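S.K.: Okay, here's what each chain looks like letter by letter:
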Amino acid sequence: MRKTFSILAYLFLLIALGICQAQAGHEFVSTHTYEGGVTDRVLLEYYGNMKLSSFFALQAGGRVNLIDNWGLNLLGISAVLSLPWIMSDLSLSLQHERWESWETTENRALFYWSFYPFSALETLVGIAYRAPQFAPSTLLQSLGWSTLDQEMGVVYRFRFRFFSIHNLSFYGMAWNYDHMRLFTYDNIQFSIQPELTLDPSLKLFGWIGTAVKGVSGGLVSWEQTMFSVGMRYDL
Amino acid sequence: MIYSFFTFLLVTILFAIANSGCGKNLITVLFHPSVEERFTTSLSGKLTQPTPIRVANQNFFQFAMFGDVQIQSENKNTLTQFKTDVTSRNIDFFVVLGDLTEDGTTDEFTKIKADLDSVGIPYYATIGNHDLFQQGSSGGWGTWQSTFGPATYSVTVAQAVRFIFLDSASGDIGPSQFSWLETQLKTSTPFTIVGTHYPIYDGFTPLIWRLASTEERYKLTDLLMKYQVTAYVAGHIHGYKENKIGSVNHLITGSMFPYTLDYGNPSYALFTYDHGNLSWQQILLPSQ
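Residue numbers (my numbering), protein chains in the order written: chain A, 24 to 258; chain B, 2 to 289.
Isolated chain B (complex conformation) (with noise of 0.2 Å):
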């Protein structure tokens, strides 16, 4: 009893400062919607799942993905350039790896579906941290099922590169996750990239920005070396980053939010589908 009050009092204080003047909900911050719940909530066959998008040269496509638009009702964000490239470089079809709103709002989920919708290509999201920060009519992850359908969903494009997206947006993958995602790696394909928010490595001297359970993380980088994964993909940290560990592939996509960068401009991730080869590039956007 002491040690709940303790534990309790010592958090929600931290909390309560480290989000002072922040647009987040302090009771959605400490006690959301668990991953559990979401990811049951994703598969639970109520929310319309996501379809193979349709590209119109299977032996030649681009996508590209990024992170962390994190769209304020008066935010000038990066997709305004991202929109040029896409009719300059012929992407067929983008990806948006979370924090698509800043805090969680309805009104900038509202926002941040048209601006995504007007881009004019087909896209699939999957959900971050800020995209909690609400509950209940205010936003947050009852908002998110009914702007973008589920969380956690997998998708094969071309029947060539495979996209499986997990909810990591609190900070963790969960038990059912974890299951799904081993049955899932079990179909092979010739590329299968797992996107999600959360990095597994932020390099020598990380921050608080990578996955923190040092357990997790070593989980699921033997699963991702084990099934031959051709990428990790995620955003989160606002910088690009490449690593590889084993055979498989870590990418941080950049960030499309034009503040507050970790390292490095806003970018996002440039793949290309070429006759049975896919490679990647960072594209560099402006900063603001």
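Isolated chain A, as found in the complex (with noise of 0.2 Å):
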């Protein structure tokens, strides 16, 4: 199953990356996660971005583990639909992921509104239908959308601005949904981003970040960190 997985996925990759060559973005990303006792990855990812007209683009990413569960383990596929003149995007969002060490796949549906009323601040908020599909014995079982175990939650980031030199930016984060990487609204993450923009085509970015989770009743577990490198390239 995994291999035929594999052999899929690497398609999709593959014409995601020819369908962006025309009038694209690409992302490429090296990131690190580490949460104690679950799982230490390390993450190459890719994103494009391809604008169809000034209103609608398509987004297709994909990454590949290389440590614990490793293997292709996710891939996803955004439409967005731009609304200028109200600073705002639609994006309706299919995603696959993958834990090979533990038989488990999560298939999810997003939809979210991201808005930006300045330059110095972002905002995503939506929902998300996740359908986790445990012990699958086929691809197409890994790939259903009801389960007993489904659940509706909502996404969201918030991503500001708070130091700027010269070409540099820093950035502060507070989300549970960015890059295709979902977690429970509960599991807030905080990111602090650096940016450095080369030229105005091309951005080199860090990502550092650690999460609070266990916020019920109160408490909180400092448990989870994130460090990531990365590139992004529009044409």
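Derived from the structure by calculation, the hints contain no laboratory data. There may be inaccurate statements among the hints.
List time: in silico SDA-like cross-link candidates among lysine to any residue, alpha-carbon distance up to 25 Å [said to hold, decoys possible]:
(1) LYS245(B) with LEU171(A)
(2) LYS47(B) with LEU186(B)
(3) LYS242(B) with THR85(B)
(4) LYS245(B) with TYR152(A)
(5) LYS245(B) with GLY167(A)
Computed from a predicted structure; not experimentally measured.
With the hints as a guide, bring both chains together as one complex.
M.R.: Quick look at the structure:
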């Protein structure tokens, strides 16, 4: 099953890359995530963005996990409708994530509204439907959209620029959804993101973050960390 | 530096607001002993480990599981009704799955210990988030240890039902406890029950009452399925819920706390072991 999935996934990524060559943005990211006792992952990620018109874009992405739960880990595709007169985007996204060692997959659909009221502030709010599949015996089962354990939750991201000098900016983020990474909404991620603009079409960025989990009842656990470096190139 | 300050400030403000007027110690809320630290203490050998309860009839016995008594100094809790049931239903022992106290104070620990002892049958207990709400001489984890002993341990009753109790009081399992759990699960018994405070699932539109980390939940679910655990039994949510994921039953037992119900009435789960079969049912208690 892993082999079949891998072949299909690579084909998907090649097609996404090919399509994105036309008029697109590319983003390559390497991420290290650590969660004590649960997982320690090094991820290589690619996200492509293709503008089909002034108002409509397609985004596709995928990532490979190099250590725990190794292999192709996530595939996703999003349709984005831009509404510049209200400083907003509306997005619909379908994603498939896998944890091979735990024989678990998750299929999810997200609908969210991105709002950019000022140049220094970006917000995102929406809903996410998640359908985990435990111990699927076939590829088809791993791609299922209905289980007894499906969940509906909210997604959010607040990103603001708090410091800027020359072509270097620093952003702060509180979020549970970004770059097709989705956490439960009570697993709040906090990140700081330096971004260096080398020319108008090329940006380098870093990312360092931690998270609170277990906020229920008022107790906080600080057990997740994330570190990323990446490059964004817009044609 | 700026980031640390920003995070600290934001979280402090958030929790100062959330906890204003409550009996929680704000410092403890943010910087309580980690699950790793509590687990190490639980298995250090310095605490008296609970021993298997001896039941009168090894082929037929009953036990109750519930959480969230959340006793306060003036609290009228539902143990009164439970004490009546213990006699009328011939319950052999019971299990409390955390949140024995409301604010984790030493006074509350003293009171709940006396109340549980007065039920008159043996019991096991594991810790909940409310039991961590104080530190040092005020209560919390230190007082838990001196009152109830370890929060992580396993026992087998009548060589038939194995209980593995996990400490999830801060909403996580932690590296060492995960490893320990897998080691424990490798030993086979006819029925294995994993008991802890936090549930893994809470239905289609969950609030913030189940384990928060997606990956922790999925890893735990995989372990339970892989080792064919009979049931994962939790408290925390003030209501009763049953679900089945693969071959594993997931139960939220209901709460003994008579107020602030999330759904349904106060209740407990009554388990019956009868000649090689294990079954359970919800027993409702009157709401106040």
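S.K.: All the hints need checking, so say for each whether the structure fits it.
M.R.: So, going through the hints one by one against the coordinates:
1. Between LYS245(B) and LEU171(A), the direct Cα distance comes to roughly 8 Å. Compliance with the 25 Å bound is thereby established for this hinted pair.
2. Annotation: proposed proximity of LYS47(B) to LEU186(B) holds, straight-line Cα distance about 24 Å (limit 25 Å).
3. At roughly 24 Å between alpha-carbon atoms, LYS242(B) and THR85(B) fall within 25 Å of each other, so this suggested pair holds.
4. For the hint linking LYS245(B) to TYR152(A), the alpha-carbon distance of about 20 Å falls within 25 Å, and the restraint holds.
5. Simply put, LYS245(B) and GLY167(A) have alpha-carbon atoms about 17 Å apart, close enough for the 25 Å limit, and the pair holds.
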